[in-house]
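Q: With these hints in hand, go ahead and build the complete structure from the sequences.
Heads up: the sequence shown at position 63 corresponds to 63 in this note's numbering, and the numbers run straight through without jumps.
No lab work stands behind these hints: they were computed from the structure. All clues given are correct.
Simulated DEER-style distance windows between Cβ atoms: (1) 240 / 369: 40 to 50 angstroms; (2) 301 / 240: 28 to 38 angstroms; (3) 297 / 96: 26 to 36 angstroms; (4) 134 / 83: 46 to 56 angstroms; (5) 82 / 252: 50 to 60 angstroms; (6) 124 / 295: 18 to 28 angstroms; (7) 330 / 253: 38 to 48 angstroms; (8) 122 / 291: 20 to 30 angstroms; (9) 76 / 132: 49 to 59 angstroms; (10) 363 / 122: 33 to 43 angstroms; (11) 339 / 175: 34 to 44 angstroms; (12) 296 / 266: 25 to 35 angstroms.
Being a predicted model, the structure only gives us computed values, none of them experimental. Each residue gets a CB set at the ideal place from its N, CA and C atoms; glycine is no exception.
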Amino acid sequence: MNGPAQSPDDGYERPGGQARIPGPRGAADDLDPGHAPRPLPLSLPQTPSAPPTPPPSHAVLKSLLGAWALAACSAEETRAVEDHLTECAPCAEEALRLRDAVGLLHPEETLDLKPLLRSRVLEDCLGKRPARIPVPAWASPYDTETARLDALLQDFGDSEWHTPVRLKWFEEERRRSQRTTVAGVIGHLLTVDGLIATALGLDDPLGSEAPPGGPTVRTEYFWGASSYPTTRQVREPWREQGHTLVRTVSFAGRGVAELAVDYGGFALPLGDAFLERAFECWVHAWDIADAVDYPYEPPSGPHLHRMIDLAARMLPGALAQRRRAGLAAPARGLVAAGAPGRTLHLEIEGAGGGGWDIALDSPGAKPSVERTVAEIALDGIEFCQLAAGHISPEDAAVGQHGDREAIRDVLFAAASLSRL
1 MNGPAQSPDD
11 GYERPGGQAR
21 IPGPRGAADD
31 LDPGHAPRPL
41 PLSLPQTPSA
51 PPTPPPSHAV
61 LKSLLGAWAL
71 AACSAEETRA
81 VEDHLTECAP
91 CAEEALRLRD
101 AVGLLHPEET
111 LDLKPLLRSR
121 VLEDCLGKRP
131 ARIPVPAWAS
141 PYDTETARLD
151 ALLQDFGDSE
161 WHTPVRLKWF
171 EEERRRSQRT
181 TVAGVIGHLL
191 TVDGLIATAL
201 GLDDPLGSEA
211 PPGGPTVRTE
221 YFWGASSYPT
231 TRQVREPWRE
241 QGHTLVRTVS
251 FAGRGVAELA
261 VDYGGFALPL
271 GDAFLERAFE
281 CWVHAWDIAD
291 AVDYPYEPPS
301 GPHLHRMIDL
311 AARMLPGALA
321 QRRRAGLAAP
331 ARGLVAAGAP
341 GRTLHLEIEG
351 AGGGGWDIAL
361 DSPGAKPSVE
371 RTVAEIALDG
381 IEFCQLAAGH
391 ISPEDAAVGQ
401 HGDREAIRDV
411 LFAAASLSRL
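A: Listed below in structure tokens is the structure:
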């Protein structure tokens with residue numbers, strides 16, 4: 001069969017001919033029957049491509065590092081800078097420094113160091129490389145609390161050093177107080193820490209003419225030794241003495257914890273004396289922070305537990321002393337040393353808490369669960385405030401059960417542990 005005839009420009013390939021692409025058709029009324037459409041060429045002429053853009057120079061890329069650290073570069077600039085950092089070590093180091101600096105530019109984050117940061121850093125460091133000569137466990141609370149107070153004092157100006165501070169304690173059934181300054185408080189800590197220094201054979205901060213006696217006598221002597229108010233210059237000797245005390249007992253070895261420290265009217269083993277000084281350092285740091293309107297955290301749980309344990313162990317002796325002064329009810333019955341006697345159970349709640357059985361009739365009596373006549377429950381921080389004389393026994397929020405007379409005597413004995 002013969003198919004329909006093909007037009008010369010119908011786009012089909014013929015033998016011996018070349019394929020053609022049909023041109024566009026015109027509208028019906030535009031067609032000129034006398035002129036056939038002009039065919040299009042098989043391929044269009046190519047436009048010359050633009051030459052590639054050269055990469056930015058080293059100087060340009062280096063000038064972009066600040067914007068890159070702030071994430072202010074465009075996507076193209078970011079790719080160029082990061083490609084350059086893989087090849088240029090000086091720019092890579094500069095980029096790391098700039099990126100670290102940007103991390104400090106967030107105003108919503110406080111720059112104050114967290115209170116427990118020092119202890120966490122030390123714990124991490126000692127876990128990786130234990131100290132060749134470690135600080136004794138009983139001296140660690142003192143080392144920590146003096147460091148925390150020193151950090152508080154670091155940025156004080158002259159005005160803060162002369163801020164009024166009122167020291168509080170409990171004596172003879174009522175609260176007492178003494179007005180001083182921040183510098184005066186540090187001087188007080190310096191002179192009382194001197195009792196430990198002299199027990200260790202170190203120099204007395206009051207010199208060779210230091211009066212005999214306990215903390216009150218020494219403090220009043222220091223405050224009255226000069227006609228001028230104590231200034232910020234007291235910080236350095238207090239700080240140096242604290243470092244010397246910790247360093248000395250760390251090198252002293254075993255047995256030094258039992259060395260007696262004379263407080264005038266009583267004595268404490270050196271281990272307990274360090275805990276007592278840690279407690280007073282924290283309490284007075286609290287006083288200072290309150291005076292300058294600055295927050296101050298309590299000690300860590302383990303250190304607070306040690307301080308509360310010392311106060312609980314001192315309660316039977318304080319109770320006996322109040323009985324001798326006629327300030328507490330007489331003992332219900334005398335028992336031999338080591339024999340079980342009437343007991344009060346003291347339950348301390350919160351961080352550093354625990355339970356302690358307090359002998360009521362004699363410091364030498366043995367507490368007995370079977371002979372428990374009363375129970376007291378107190379928050380740990382509130383118990384410390386009571387033992388520091390910052391709140392009175394009547395104001396303490398106490399959960400109590402049992403013998404009311406025994407409860408009152410123990411609460412007042414706890415308050416009597418305080419002093420100037």
